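Student: Sequence:
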Amino acid sequence: MPSYDWGIPGLPFCPPPFRDGYELSAVPTPFSRLKFSPIGLFDLRRRLGVLPAEPTIFKQFQARFRTADFGWFASGASTDGQHIPAPNSFFPEFDNLRQTLPIGRVGNEARKALQEEVQHAVFDLATLWDRTFGGATMIMHVEGTTVPNTPALVQYLRCATYLPPSFIADNPASHGPIARIVQTFLESVGVPTVQKWRANANARGWPLMQPGPGAHVNAPSTTLIPQPAPNSAHYKFLGHPVGAIDDLIPTTTAPPVIIIPDDDDDLNGSTLDFMQHMERLDYAEMEAEERLQRIHQLEEQEGILVSQVAALEAALTREREVNTDLRAASRLNMPARSQVYQPRPPQTPSRHPPPYSGPSPNASRLLSATSTPYHATHHVTTASPSRHAANRTELDACISSYGLEPLAAAIKVMMRLSRSVKWYEELIKWNHRGSGVELGGCNGRSLAVIFSYAVHDLRISRSQIYEFLPNV
1 MPSYDWGIPG LPFCPPPFRD GYELSAVPTP FSRLKFSPIG LFDLRRRLGV LPAEPTIFKQ
61 FQARFRTADF GWFASGASTD GQHIPAPNSF FPEFDNLRQT LPIGRVGNEA RKALQEEVQH
121 AVFDLATLWD RTFGGATMIM HVEGTTVPNT PALVQYLRCA TYLPPSFIAD NPASHGPIAR
181 IVQTFLESVG VPTVQKWRAN ANARGWPLMQ PGPGAHVNAP STTLIPQPAP NSAHYKFLGH
241 PVGAIDDLIP TTTAPPVIII PDDDDDLNGS TLDFMQHMER LDYAEMEAEE RLQRIHQLEE
301 QEGILVSQVA ALEAALTRER EVNTDLRAAS RLNMPARSQV YQPRPPQTPS RHPPPYSGPS
361 PNASRLLSAT STPYHATHHV TTASPSRHAA NRTELDACIS SYGLEPLAAA IKVMMRLSRS
421 VKWYEELIKW NHRGSGVELG GCNGRSLAVI FSYAVHDLRI SRSQIYEFLP NV
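Residue numbering for the sequence shown is 1 to 472, as defined by full-length UniProt numbering.
Be aware that one or more of the hints could be misleading.
Claimed, not checked - Pairs of lysine-lysine, DSSO-like flavour, derived with a Cα cap of 27 Å:
#	residue 1	residue 2
1	Lys196	Lys35
2	Lys35	Lys59
3	Lys196	Lys112
4	Lys196	Lys236
5	Lys59	Lys112
6	Lys112	Lys236
7	Lys35	Lys112
These are computed hints drawn from the structure, not numbers from a lab.
Nothing here was measured: the structure is a model prediction, and the numbers come from that model.
Assemble the whole structure, with the sequences as input and the hints as a guide.
Tutor: Structure representation (structure tokens):
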């Protein structure tokens, strides 16, 4: 029989035996066409591979990979809706396995070995189920095939059973009921299963009666729970003749029967009221417990919300501090308000003195509300180099204190490129030249420019301008 190179030293993997006339393809069967059999398992592993990048892993856990392959075929079988075969027929899986195995002793041995592997995998899952979730599982399985010439009687059958050994050890009183359950299973399920298998075989014309004796009847035993296989949870129960199990299970004295008279009609009204009050009390206590649990949940949610609000308030405080310091730093380069609001006296006396001695209060409100530019960087008065250095040092300190170093260059560029509004620059110039002149003079033309810029920049009306400068 040829072997295949899996790419792992010391891992010869020969294909399983198959029936004459079947040819094993060099290319494994596609996933969608794989069927459960020794050949199907072999092709599945050829598809999945043996982890050649980690050669020791597959060799070390080869048995676990084999069990995983069983799970690939079994997944979804219990819910696929294909649970009833055709009349007088076996399931398709039965026919597929029979058609791929060789006829005779080799095929029978391969079939028996595969059946034992599947049984171990199922029992392993039951063990994992019980250990992981703390439950208790009982699995019983009876074969449909028997030795030729064997009668379909319960005393010739055996039952492969899984039970948690810890449960058997901790509950000796359950041994009798468990033995009765297995015996009932063999009588009610095992015998009909054997009879159904033989009916299907007869429908196909298979010879079931052969020369020679049949199987031997099971030896009588008084043991209710047989010993499991070493280090396992695998039990092999032997069927007893019908009715024999009753002689093995010890009878217990039945508890005395106490006849309680039907006195419900004799209950007086006060007793019934008391019972109703007790029921209402139980219901109220249950409601109170549920509400108390709800209160605890709300208190926990309140604590979480309080923590979140505190964190948000702290973050808001930090943001306000950053904004305040940035505004303070940006005002370091702004022109002083006194340069706008306090005009200088004229240099020469005017033949037409202004009809007012100071700026209008309305004008002061107008300028204080709208005139000072936020990002003004062009100063009329020249500051000393030390003043500029102090401003830069203070701005750099503000940027550093809030971790804005990556944005420092952008902040300084914006401050350098922010231009003051036109009307503000013209107003500064007009303030330096003097305001007590006629409208037709040079300064009057400057005022006209200021008005036009102010109307454009501030969106104010001409009436507001005249209110600001009533002498114009």
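Student: Now look at each hint and say whether the structure bears it out.
Tutor: Tested hints:
Restraint check: the Cα-Cα separation between Lys196 and Lys35 comes to about 24 Å, which is no more than 27 Å; the hinted pair holds. A distance of roughly 25 Å separates the Cα atoms of Lys35 and Lys59; the hinted pair therefore holds under the 27 Å criterion. For a cut-off of 27 Å, the pair hint linking Lys196 to Lys112 stands: about 20 Å separates their Cα positions. Of the pairs offered as hints, the one joining Lys196 and Lys236 holds, with about 23 Å between alpha carbons and a cut-off of 27 Å not exceeded.
Between Lys59 and Lys112 the alpha-carbon distance is near 24 Å, which keeps this suggested pair within the 27 Å criterion. Distance hint between Lys112 and Lys236 is fulfilled; the C-alpha atoms sit about 16 Å from each other, no more than 27 Å. In summary, the hint linking Lys35 to Lys112 is supported, as the alpha carbons are separated by about 18 Å, within the 27 Å threshold.
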